[in-house]
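Trainee: The lines below spell out each chain.
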Amino acid sequence: MSDQLDPLRALDEAGERHLPDRVERHTPKPAGSSAIVETSHEVRVTTPATVCGMGHRMKRKEDPRFIQGRGTYVDDVKLPGMLYMDIVRSPYAHARITKIDASEALKVPGVLAVITGEDLKQAGNLHWMPTLMSDTQMVLPIEKVVYYAQEVCVVVATDRYAAADGVEKVVVEYDPLPVVVDPFEALKDETIVRDDKELKTNHIWHWEAGDREATEHVFRSAAKVVKQYMHIPRIHVASIETCGMVADFNKATGKLKIWMTSQAPHAHRTVFALVSGIPEHKIQIISPDIGGGFGGKVPVYPGYVCCVVASIVTGRPVKWIEDRSENLQADSFARDYHITAEMAADADGRITGLRVRTLADNGAADAAANPSKFPAGLYSICTGSYDMRAAHIAVDGVYTNKPPGGVAYRCSFRVTEAVHMIERMTDIMAHELGEDPAAFRLKNFIRPEQFPYRSPTGWEYDSGNYHAALKLAMEMIGYEELRREQAEKRTRGELMGIGISSFTEVVGAGPSRDYDILGIKMFDSAEIRIHPTGKAIARFGTKSQGQGHETTYAQIIAEELGIPAEHVEVEEGDTDTAPYGLGTYASRSTPTAGAAAAVAARKIRAKARTIAAYLLEVSEDDLEWSVDRWQVKGSPEQHKTIQDIAFAAYTNHPPGVEAGLEATDYYDPPNLTFPFGSYICVVDIDTGTGEVKIRRFVAVDDCGNIINPLVVEGQIHGGLTMGLAPALFEEIVYDENGQNLTGTFMDYLLPTAVETPKWEIGKTITPSPHHPIGAKGVGESPTVGAPPAIANAVVDALWHLGVRHIDIPITPQKVWKLLRDHGITE
Amino acid sequence: MIPSAFDFYAPRTLDEAIALLAEHGDEAKVLAGGQSLIPAMRFRLAAPAVLVDINGIGGLDGLRETNGHLAIGALTREAALEEYTFIRERYPLLADAAHVIADPLVRNRATVGGNLAHADPANDHPAVMLAYGAELAAHGPRGARTIPIDDFFTGMFSTSLEPDELLTEIRIPRPGPGSGGAYLKVERKVGDYAISAVAVQLTMDGPTIRTIRIALTNVSPTPIRAEEAERILTGQTLTDATLEAAGQAAAAACDPSADLRGSIEYKRDLTRVLVKRAVRRAAERATK
Ligand SMILES: Cc1cc2nc3c(=O)[nH]c(=O)nc-3n(C[C@H](O)[C@H](O)[C@H](O)COP(=O)(O)OP(=O)(O)OC[C@H]3O[C@@H](n4cnc5c(N)ncnc54)[C@H](O)[C@@H]3O)c2cc1C
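Note that the protein sequences, when read in sequence, are chains A and B. Residue numbers for the first sequence follow the working numbering, so the first one is 1 and each next one is one higher. Residue numbers for the second sequence follow the working numbering, so the first one is 827 and each next one is one higher.
Isolated chain B, as found in the complex (with noise of 0.2 Å):
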């Protein structure tokens, strides 16, 4: 890699971080695994002048489970999801994307942190966080504030986190009884990014469809909800009537652009058939 020149920061504390960001403002960028930013620097599509590495700041990586949700560290490394036991049994949602995020050696360096605050539409966590209708703690020099996922992706590669806050983590609320979820993803190759991938997290009661969230990944500007197939869905049986109109009413609400990846016909058409299985997955595993 051959960057612009740049000053580098390796700070020991959230309060240096904050300081830091708060005194370069745009000149500055985060570092967290480094595998979204320094692709676009060694391009020079990105030369900030300034690196602040937060690799070297405790507490902000790990996995802890509450009565309440799973909180997961900013900094947290993707492959640590794949590592237990009980993010596959309670979490299979997150399981499942933890799986076809990137490649292994991309996941050994990323975190679920930069995969969302770097929003990109094609990134796979924020469908997954909106699915699951997470939470979002960010720190500033204004102190600490939590933030809706529904309120979170603003643009393309723009959030609703300040240049100078840090997102420091991630709370997912813990499913009940009856949940289930999956991630269901088409990429061309491993380590590429998906043509259309689905998110679905839902509770049933018996063969009824309680609640759910359905996300669409890679299909639009931005990562989005799919809205109306969540409707046609909630309070139904699993038909393949149903999952047809589901299926047809997520395709019709993505956006998304032709690219080498595919036409739009192809990425909505696509979407359509990942709604029906991540559904029909779901709600198999919340039966289980």
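Just chain A, with the same shape it has in the complex (with noise of 0.2 Å):
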């Protein structure tokens, strides 16, 4: 077993046979990126309800089509012709393929082909393509499967149950080879998952960040130092929606039109021109209703490019939807790191370092979804919210037979895992050193005057004030009242616990200086154009999943320009149409396309001034802008609105100004934003039985300036949901041969209402101060700072037994080995 082994060792000797060591680096960040901000805990209303721009509740407009169920998702597209694509898949985690005979499955009627990776290699070499990582990863195999359910050969059908019947028909011969699940097993590179490399070894690469030395000399001269090995678990973000895609290849017109499943259509587009050889201007994607993404979205599956293939040789419509199993067993996978951290304290309990080992488990290919400069995310960011003189992260990827992963599931690119680990081995440190771990905390914080703040890997955290959110958390909660009530019943063995977790994030990406996917910059962009009656349509690079994009740019733009919200259409997801972006993940729209609605709705403004001046017979200088409109200073009577000024634009422009009202915006943000909150849960244990019952679970964030209370605090309970998860109940769980015991929600376990406590949700608003409208992003947040609040809470019931950590997903099973073993029992 993995977590048996030394892994420290391992990998040490796996740095030194392997790759050259990379080591992060971080461009400075101008001037103001990272600032002392005063916090408050009021949201800013600038304007009235009938502009609703920002701080206003506005509901979402995108929700009455989607509750009357007339949302437009890929499966309900339907062209005439259109021919269904199924997939038949390996049986084998590690296999040789000796033989795919279709000849019975083109007897089934209604099945037109069967595509296999021979044949995408007589199309031009598609059976492999590129990952977003630089990495390969087949298409359809020809010589061998590395892992259980890939992608063998796919079968066209003319109705979706014929290409089932033709999926069956399918016969294919394997010759198995041995498997590799674990990942320390991979290293020793018996078995090779990868023999199409030159380098015959499944490491892939060897990373690091922060500095060596300093840490080394930190840990000797430490007073207490504590360590922990833990795994953070594969899971899967089990969206509502799987994947899926219609193509569309237009012999006549050269013109491949595609409906795809995808969080960042422009980069896909230019992704598929770059590997078929289809010029980019003769593709079109469209991503239209997305029913969830969390990260699952981004990368480019098999599936899709068969798909793409079967439409071109077709000459038809083809289409691929993932059933259930497909999607939980084939992609969207995340996590699965395997952490050792060391954590270093100083005589009078104030952190001084830390040192972490990781080993990455991939799986097959390094398909992961991280800018391309950071091999494991933005994992360095995991010295947290605390201050402390030296940290040092290593961390190494491997191979194994498993499907690709590292999706950055509701996560800025391994921030999960960062915070994860930081937030243990805190609460270890506190329990060690015999101090409350809350009262460790507000020792160890970074204070709110040490901004501008550059940790020790190289981060320059925009700003913060992670005493005011725990300290408004534990007021919430009644933090010494519980205290007290836990040592009570301990008294009478009765075990309850009391956890937290100070979490600080880092999303939005770029700036595009550091951050790229396969080169292209991690920009994003807004295009408005005013319409002759003050009424706009907004294009955006993102692509809205859920997170409520069509309320909160609407809201963005009425707030600098005065425009209703109601009176702006937003659109997403049309590559035709859309400007160039890199599409929502990562929490990364409103810092990066959100600014770019401002900054594009502030040069409408900048035009407006001179329509208006000339309107009014004035100079711009005397101008000033209120709400909606330009008024001149000091007689308010004086003005013309956005709504005159638009007419004009349109009937009356100024002479030596261009007509129409419309600006864009490319946006490089100078610096990430760093969300923060603290959460407190309250858990009581079960004895008998091991299970873990929440009791209390409150949750204070500060993402900034807050654009739609409503909209945060939808995507604070959903992303809390979604933080239980892993924590309690998911897990993708491999047997020695490799197989997904988990390809169900039979077995793969999706918290419901049920499981699920009432949320307790409050808020500090500490801007950004480098963010035009001083937000920062926060749909992943409570994803990232929940699951350790509740893992927290559970050791801190099991503290006093001798029970130092358990992994998540902490299952009753866990709670009660652990129970038994130390003597607890009903």
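Keep in mind that the hints were calculated from the coordinates and are not lab data. Note that this is a predicted model, so its numbers are computed, not measured. Be a bit skeptical, because a hint or two may be false.
For the chain B half of the interface with chain A, some residues (derived, Cβ under 8 Å), not all of them [unchecked claim]:
1. Val-1012
2. Gln-1074
3. Gly-1088
4. Tyr-1092
By construction, the Cβ of each residue, glycine as well, lies at the ideal position given by its N, Cα and C atoms.
The task is to assemble the complex, starting from two chains supplied on their own in separate frames and drawing on the hints.
Mentor: Here is the structure:
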């Protein structure tokens, strides 16, 4: 078993044997990217309800169509003559393919074609594709399969049932190979997953951040050192909508039109163009309504490529929709980090250093969706909310016989793993020192006056006030009283625990100097066009999958221009019309495209000023902006509203000024944003059954200025539930043959309303100093912050028995075992 | 769902249904609530050539309480069991179970008869009916017969029903004075099958247990009774020691397999704890 090995030693050996070290570097940020910022508790509202700018609890504009079942998802797209594709998948995690015989399948009525890896090879080496991390991944295999449920070949038929019947009739013969599912075993290189590579090793890369020597020094002089191994298991995004596509290649026009479950339609278009050789202007990707993405719809999966090829081959539109089990078995996997962390503290109980070795199980390809220069994503943010002198992080990527993983599941590229580790370690240190975990945190937080703050691994946190958030959470939950209750219950043998997580997030990539996907810089875009009657259309390079962009972007524009949010139509996801952008994931839409919306609106406001000055026959300098109008300073009755100005832009524009009123902005942020929060969870443990009951959960979030409190609260509720999930329920489990044992919702356990506690939420507001509207991302904070609060609560309940750590998911069985091992029974 | 092709019949009478089953033999499957059969067909684990849908047959559903017993039509939906106060009052074991079978969506479709006929050791009604000592009514080409529940489950997913027989009614003996029951289930989340669950039906004579039946869910290849535990408790008062002895006897009686729900040790120990708690609760209800 992996946790019995000494992971540090294994990794060190691997590091020496293989690739040269990669060391993370951060380009210095411009002045103002990190600053002391005042914290408030009230949402700022500057526009009347008729305008509905920032801070208004506007109901989501997209919801009427969703709650009436009138959304348009990929599977709703039906084209004349459309064919259906289904996939033959591997029953082995590692095997040579000795034969693929499609003859019986082709006899099934309705089956038109069976496409194999060999066919893709003939069509121009399309049997391999690049991953977002510049690795390669099989589209369809020719020699061998490397994971269970791998796509082996596809069947195209006139209806969905015939396609499935065809799949049953394809005969594939395999010669099973030894399977390696444990990443520590994989490091021994006894079974090579990727023998297509020049280097015959499962070790993919070695990566480091921070200062190794300074960290060694801190550890040598430490008064206290704690060490813990932990596994953050593989989980799955499990969005309601699985992945799918309708590809329609028109032989007459040469145009390939694609409806696709895509979180990044522009990036996907460029990748398709580069890989297929079809000119980019002849590819249109439409990402219609998306039923949840959570990072799972960022990578390109083999099914998409096959679906495109099937349309090109047949000259007809082809639909491919994954069923639930395919989705749970073949793609959209996240996490799978094996972490050994050490934390040092001085004699006063101050954290002085952090040393982390991590093994990243990538599965059969490095298909993580990280920015190119960050093989382990933003994992080095792992010093978290704590001020310490030095840190050193090393991560090694390894191949195993599992499907490619590494999706940033509601998470800014591995910050979830980082936060879980640092929050667990902080609790372990506090308990070991005999200090209260809350007091210990308050003592060790980065102080508000320490901004501009640069972390030991090179991050410049934009702003933060960790004390304010934790103190509010403690007040809301009645922390001191709970500790008294806990002590009293303990004397009666009742087990109750209180867990805290005071996380710092890192979201909104770019800046583009450091962040790109396959070389494409991580800016994002907005294009606003005001119509003559003062209504507007705004298009973005991002793509909502439930985040409420149609509402929040409209509110940003309403805030900046005074055009009622209801009068702003927001459009995303069609690459033929939307400005180029990198898409929605990693909580980046508000930090990037939201900023672009504000800046583009300000460009419009500037032009509106020129027009207003012309209409009012005054100098531009004599005008001031108020909510929705330019007015003459000192005599506000002399004004032109944005609607007046819009009409004039088309009917009476000033000489020498272009007609029309529109602007575009490609926003490249100077820094990321660093939302944060403090969560406190109270659990009761059933000593008979091992069940953990969450009695209360308080979440205080700080995402800077709030665009729409209703949307933010919705994101937090959903995010907390998705944080509860891996803490207590979800895990993708493989047996020793690499078979996925959790390929249905019977065994991949999504929490429901029954398992979900009542979320009690609060907020502090510490705006981003560099973002045009002071906002930070929020969609992922709760998913990132919740798991360690729950894990810490359970360990807190059991600490006095001698329990130091429990890997998530904390199942009843795991707790039961610990109870019985420590002599507790009923 | 993309199942294999099948022929579909929707008979209106019991006789028609039985004739269809007789005609198609092993090729045919009865479709009741579909909540076990359809998932199997979706994975093509079951690929029946013929489906005989019994949902259109009149008179197969509903609850009737007579002097002697509670009769539950085989087509009665699980959700219906939750609707009646007399069930909660006089059949608390059944009421407990009705609440924890699957989830409300599944319960709207799933039938009591299907739950028993499917004979999945993970299903909850088998243990409930074993604890009640229920009787099952079946109809086939050779007429009607009744089967004591103790003779019904012959193996995993197999019963003493003939392939051309339909289960039509479940009869639970009406509990007398001093009776109480309870069903306790530990599941990983709502809608999950039990890690372990325990059904207890007893009658008390003052502080003494006069009769008791205990049955266990999902801890053996078939639903089983914990007979040794029953024997230990019969004629005894409720003390920590007798309860512990009964719990241990039940734990020893089960034969669970290790899976994602838990190890063999966990399932056994959970059974021990649940037996103690369920007996206590049933007794509390009896003396109320
Ligand atoms: C998500 C989910 C969770 C579930 N969780 C639970 C749970 O926690 N506990 C639990 O007990 N069950 C659970 N179930 C199973 C559910 O209760 C089933 O519906 C039930 O076991 C079968 O009843 P049915 O009416 O749906 O039968 P069907 O699926 O229609 O049939 C099941 C089998 O029984 C046969 N059959 C049905 N009726 C008759 C009859 N009258 N005579 C002869 N043969 C018949 C059928 O031919 C078939 O072989 C769950 C199901 C789902 C989908």
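Trainee: For each hint given before, does the structure comply? Return the numbers of the non-compliant ones in rising order.
Mentor: Number 2 - this is the single hint that the structure violates.
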